[in-house]
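Asks: If you read the sequences in order, they're chains A and B. With our numbering as the guide, the letters of the first sequence map in order to residues 4 to 332. With our numbering as the guide, the letters of the second sequence map in order to residues 767 to 1081.
Worth flagging that the hints you see were computed from the coordinates, not collected in a lab. Fair warning: this is a prediction, and the values are worked out from it, not measured in the lab. Backbone N, C-alpha and C fix where the C-beta goes; we use that ideal spot for every residue, glycine too. Please note that the accuracy of each hint is not assured.
Simulated restraints on C-beta separations [what the hints assert, rightly or not]:
#1 Leu61/A <-> Glu908/B: 35 to 45 Å
#2 Leu844/B <-> Leu61/A: 45 to 55 Å
#3 Gly302/A <-> Pro1038/B: 55 to 65 Å
A few chain A residues that don't get close to chain B, going by computed Cβ distances all over 12 Å [what the hints assert, rightly or not]:
#4 Glu7
#5 Glu46
#6 Thr85
#7 Ala87
#8 Arg207
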Amino acid sequence: MSEELLRIRELSVTFATRERTVRAVEQVSFDVRPGEIVGLVGESGCGKSVTSLSILGLHEQPAGSVTGSIRLGERELVGASTKALREVRGNRVSMIFQDPLTSLNPYLRVEEQLAEVLDLHLALRGPAARARMLEILAQVGIPGEERLRAYPHQLSGGMRQRICIAMALLCNPELLIADEPTTMLDVTIQAQILELLRSLRQQRKMSILFITHDLGVVSEICDRVIVMYAGRIVEQARTADLLLAPLHPYTEALLRSTPRVDVPGGGSLHPIAGLPPRLSAKKLEECAFLPRCPRAREGCNDGEPALDNAGDERLRRCIVPVAEMGTRS
Amino acid sequence: MSHAAPLLKVTDLRVHFASEGNIIRAVDGVDLELRAGETLALVGESGCGKSTLARALVGLNPITSGAAELNGRTITGLTRAAARPFRRELQLVFQDPYASLNPRFTIAQTLAEPLLLHDKASRRNVDDKVCELLAQVGLDPELRARYPHEFSGGQRQRISIARALAVEPSLLLCDEVTSALDVSIQAQILDLLRSVQQKRGLSYLFITHDLGVVRYIAHRVAVMYVGQIVELRDTESLFEAPAHPYTKALLASIPRVSSKPRAREPLRGEVPSPAHPPSGCRFHPRCSFAFERCPKEYPDLYPVSGGSSRCFLNQ
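The shape of chain A in the complex, shown without the other chains (with noise of 0.2 Å):
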């Protein structure tokens, strides 16, 4: 097994709102290895962003206090200064998002963001500079000159995301945290950008962090998966092990309530009752997916159960026997 790029340890993010203090990411571990694609998926509010924004220090003000320890290589990101995350930011770990629209800035042509990366980190100018983005813009599959004259309007959604890959990749980062980076686009455009992400790895051997609401998603790029409720993880697995054999009854409620296209009729769909809890900064009494869970039983109220190491590289936060659980078709 090859050292991990990203170790993170009892990672703890809490807000204090004027009414009171939400604890948005519990104890979270994890590690990325290089040239590894990780999914972290859950629901809204789960703590899957917060999480990855934690690692990059990116929380929107008033900043979330964090604890715990987020180790980068040999360097620790918990606590340390603006400037030492500079250093980071972008040249190591980058990121794209959901929308590219908004994280590219409307005023400035393409060649003017692009150049703007390259000037700040690489000390990049000129036709020194035109030449490396034009490679990066093959890599990404725009060819040519002519985009790097168009504002970020005059392209299509799909392009835009490409273009934010590009401008993710400038630096050569050892890690690319990607933030539902397909969520809002058409399924054909998505397929494009999920293959444009794996072939990414497989050439650069970049780790990816890659946060998802999507399982069929998960299934098409991660090589590892850490599901997230309510600001925990409650289960980790090799993804083909996950969604076969789901070890966590959330995990399974998930699975059972997405209408499957492969599926006459959709397969059953099996809604999961209620709502997730709200989150506050006491210690949980019992287990967090209890009231919603379908396997609940006696027990289940008996404190929280702790991250289980349930064999094969596996965890899992639950207490019902691994026989019970059923395997899926």
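With chain A held as given, fit chain B onto it using these hints.
Replies: Leaving out everything else, chain B in the frame of chain A:
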């Protein structure tokens, strides 16, 4: 009216917009029929004209030519006053329930307005009616004094559905109604729509880009591409054996939850602009089956099992 007559009949409908000297052919010759109690899904990628079509049916977009009939009566090209009785029959539910609910109205006010406006309740019994509606969509009537921001996304969508049902429509136009919801909540809303349909015999024109949802909820499917229907089939026929190359490509692009990775080739290029649709078959520049006839001649909808397809290969 004969029993076999469709509830909704759309004939050669066109919605064109003028923009910067171009004509945008957003909807360009659509024929559709929708039966009572049926769910017809309208699918396609952004800009294919599916939402424009739905909005044109309720008078939110002007119609360039063609017509639509509801129960045999023409509902297009009417004055505001003449169209009013039909407004009740066709109700639209949108993607974002937060944007479509008035934030300054309580839920009771939101639901009372259409009830009173369309004489479905009087001042005296409107509160009972509001409670009845909320119970029907699975919300606690006790919550009716609250405001939209106090509800979750899924609950707000239930309120939007209740508001649409208030005036007892015969057809609900659902425009991406579950797209903003998490899957666990989406499944709740889909089940609600199904049970409402069974109880009321309501028809749905269900617009979505999610083909998993389509397979779950629709009886028939119309696939749109650059303003036109390219395939119109029974749901299971379409998913088991798609006829049109675009439908095939669309189905192949959907990420599947499976334990085995699939080899596949993404569809090339992007959707062309409806201002400059390609000659002949509009899909030919991206089609891997295209031959010399495709850019030159314009394909019709040809019959295939369980429906029709606009491709020379199906002729």
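Asks: Run every hint past the structure and note whether it holds.
Replies: Here's how the hints hold up against the structure:
Restraint check, Leu61/A to Glu908/B: a C-beta distance of roughly 41 Å satisfies the suggested window 35 to 45 Å. The hinted range of 45 to 55 Å is satisfied by Leu844/B and Leu61/A, whose Cβ atoms lie roughly 53 Å apart. The hint said 55 to 65 Å for the Cβ distance between Gly302/A and Pro1038/B, and at roughly 59 Å that hint holds. The claim that Glu7/A is not at the interface with chain B holds, since no C-beta of that chain comes within 12 Å of its own (minimum 24 Å).
Distance check for Glu46/A against chain B: the nearest CB is about 4 Å away, which does not clear 12 Å, and the non-interface claim fails. Every beta carbon of chain B lies more than 12 Å from that of Thr85/A, the smallest distance being close to 35 Å; the non-interface claim holds. Even its closest Cβ contact with chain B, about 36 Å, leaves Ala87/A beyond 12 Å, as expected for a residue assigned away from the interface. For Arg207/A, the shortest C-beta to C-beta distance to chain B comes to about 20 Å, beyond the 12 Å cut-off, and the non-interface label holds.
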